[in-house]
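Chemist: Single-letter residue listing:
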Amino acid sequence: MTSHTPSNEPPNGESPAPNAPVLREGPEPSEKRAPVPFWLIILSAVIIFWAGIHLALNSGGFQANVYNPSLVSWSGGGSGGPAVAPDPKVIGKRLFSQNCAVCHQGSGMGVAGQFPPLVASEWVVGGAWVGDNHLVKILLAGMQGPVQVKGNTYNNAMPPWSQLKDDQIAAILTYIRSEWGNAAVPITADYVKTVRAASGDRKDPWTQKELKAIPAETIPAGGAAPAAPAAPAPAAPPAA
Amino acid sequence: MSNDQSSQPDTLNSAERATIDSSVAAPVILFFGTAIFWLLFGSVFELISAIKLVWPCFLDGCALLTYGRTSVVSVNALAFGWATPAAIGIGLWLTARLCRVELARYKSLLAAGIIWNIGTFVGVAGIFVGDNTSISHLNFPGYATHILLLAFILIAVWAIVTFNHRKSGPLYVSQWFLVAGFFSFPWLYATASQLLVWNPIQASAQPAIAAWFAGGFFNLWLAPMGLAAAFYLIPKAVGRQINSNHLSLVAFWSLLLFGAWSGTSRLIGGPLPAWMVSVGVAASVMMIIPALAVALNLHFTLDGHYAAMSWSPALRFTITGVSMLVFTWVFTAINSLPAVSSVTNFSDITRALNLLGYYGFFSMTAFGAIYYIVPRLTGKEWPSSCLISWHFWLATTGVLLAVSVLILGGLIQGFALHDIGVTFRSSMDFIFPFRFVAALAALLIVCANLAFALVFAGLHWSLRRPGTAPALIAVREENSQEPVAV
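Line by line, the protein sequences give chains C and V.
For the first sequence, the numbering used here puts the final residue at 297, and the numbers step up evenly by one.
For the second sequence, the numbering used here puts the final residue at 1285, and the numbers step up evenly by one.
Isolated chain C, as found in the complex:
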C-alpha cells in the first residue's frame, strides 16, 4: 500500500493515516445535566404570558376581515373600519413645504419686492372685494401681472396648481389661513370642487383686474355653503 491516500477517495478496507489536526482533537462533545436557572424559567413565563395577552388583545377575534386590531375588542366586537383621517392642517403643512415654500418661504413672509407675503394678507384671509373663491381660483390657474398685497405692489408670475387634488388644495389653503397668526375659516375639499367646476377648464393665469370682476364669496364660520357678497374687510382693501 502506498504511504499516501488521497483524502477524497472513499476508504476501501484500508483506513487513511490520521493527520495532525485530527490527532490533536479532543473527545467528542457531550452534555452535563445542570438545571435550568430559576430566573430564566420565571422570565420565560413572563414573556409567554405577555405574548398571550398581546395576541388576545390584538388578534381582532381571529376574524379574516379585521385589519385594524385597535378598533376591535378582545372578544371580536367592534367595526374594524377605516382609520381616522389625519388633520388636514398637518397634511397642508407638508404640501406647503413641498410646493409653496420655495417662493412664499416657510415663514409665509415671501420675499420683499418679488414674492408677496401670506401672513395677514387680504388675499389669504379675505379683504374688501377679495373672497375665498378668488384664493381657490388663483391656486387652480395661477396669477400674473401687477398685484397689490398689504399696500405693496408685486409684479411676478405664480404657476397653476390644478394638478393637485381638491383635498390637497383645501389642505394647503386651510394651513395658510390658520398659521402665522392668520385665523380664517378652513376651506373644504367640497368647496374647492365647486370652484373648480365653476372655473371650467381655464388654463391662463388670472390677473388682478379679471379677479376683481368676479363677485367675492366667503365661507361662513360654520363651514356651510359659501355666502355672497363679501363680509366686512379685516384688512385694508387693495388699491386696484
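Think of the hints as simulated: they come from the structure by calculation, not from any bench.
Everything hinted at is true.
What follows is a list of derived Cβ distance ranges for each label pair: (1) Phe920/V to Trp96/C: 47 to 57 Å; (2) Pro277/C to Gly929/V: 56 to 66 Å; (3) Leu1056/V to Lys222/C: 43 to 53 Å; (4) Pro1232/V to Ile271/C: 43 to 53 Å; (5) Leu1056/V to Ala158/C: 52 to 62 Å; (6) Ala254/C to Ala1002/V: 35 to 45 Å.
Every value quoted in this text rests on a predicted model; they were computed, and no experiment measured them.
Note that beta-carbon positions come from the ideal geometry of N, C-alpha and C, so glycine has one too.
Once you have looked at the hints, place chain V on chain C.
Modeler: Okay, now just chain V, sitting in the frame of chain C:
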C-alpha cells in the same frame, strides 16, 4: 432523548475519525469552495448596491447593473450561493462525525453539489436578464428553483439516511438541530416556491407567505445549522462538556415552536388580517427565550475558559457569531413591538437586522466551522495566521459599523417617515450620511471575504509545508492549561 452521560463514552478514536473525514472530504470541500466564490460575488454586488444608495449615478450606464438587479443578486447569491451550501457542507461533516458512520456514496453528493451550483448560476443569470420574481429571498425565476430543490432533496435524503444508520448512542444536541434544519429547508422552500413562484396564489395572500418564508429561512434553516456547528465546536475545542442538556432542550424546542411564526411581524400596517401580524409579534418576542437559553448554556460552558478564543480562529469566529445571533433575536423582538415597528418599518433598521443575522451570525459561525473542519479534511494547516486575523477584524468591524450606523440612521429615517409633516425627500437627506458609512462598511466586508478566499486558496495550493504548526492568531502561553483548540 435520554442523555445518560456515563453510558456515552467517546467511542471515536483518531483512526475512525480520519476514515469518516476522508469519506466526506470531496463533497464538503466542493460545497465550501463554491460557497466562497459566491460569497465574494455576492458581497461585491452588495457593495455596488450600497454605493448606488448614496451615489445613484454609479454604474448607471448598464441595464444589468441597475439597483433593482444588483441588490437582488447580492441577497440571493449570498443566501443560496454562500449561506446554504456552507450550511450543507457543515451539516454533512457534522452528521457523519456525530453519527459515527462513513459516507457510502459520496459521488451522489458531488453530483448534488454541482447541480446546486448550476441552479444558483441559472438563478443569478435569470435575475440579470430580468426574470426576477420580485419576492424577497425567492427572486430566482421558477426554472432555477426546480434545479435547487432537486439538488437539495438529494442532499437531505443522504443526511436522513445517514442519520438512520447512526452508530452513536444517545443523540447529541447538534444532531437535533441538524435533523430540524435538513427537514425544514425543503419544507419551507418547496411550499413557498409552489405558492409564490410556480403557481402564484392570489396576490393579497402572497406577502404573508413571503414573510413566513423569509423568517423561516433564517430561524429554521440557517440558525439551526449555525447552532449545530457552535454546539459541536465550542465544547470540543475547549475540551469541556456543554453545561446543561435541559437548557439545550429549552433552546431547541422554543426555536422550533416560535421560529416559524415570527416572520409576519414585519407586515404591520399591511393589508392582512390583524391576527397574522399579532401572531408574528408574539412569536418574535418569545424568541428571546431561545436567545437567552443559547447564550446562557454556551456561557456556562465557556466560563473561565474563554482564553482559547484569543488564539483559535475557529473559536473566535464561532463565539462572535453566536453572540451576534443573540443580539439579532433580541433586537428583532424589540423591533417587532407595534409601537416600535410602526416607526422603524420601511427604514434601514430592517437592513441592519438582516446584516446582523446573515453576516454577523451565520457567516461568522460558518467561517469558524470552516476554519475548524478544512484542516481535518485536507491534512493541511492554514497558510497565514496574519490573513486570518485580518479576516476577523475586517469582518467584525465591517458588520458592527454597518449595523450601528444603519440602526441610528434608521431611527432618524423612521421618525421622519412617520411624521406626516416631513417630506419623503427630507427623510432621504437625513439617512444619507449613515448610508455613506454603511457603504464604507460594505467595502470592509468585501476585503474580509477576500482575505478569507485567499487563505482558503492558499491552503488548497499548499503554500505551507505539511507538518508545520497550526495557524494561531495570537500567542498561546507556553504553560497554558487550555487546549490548542484549532
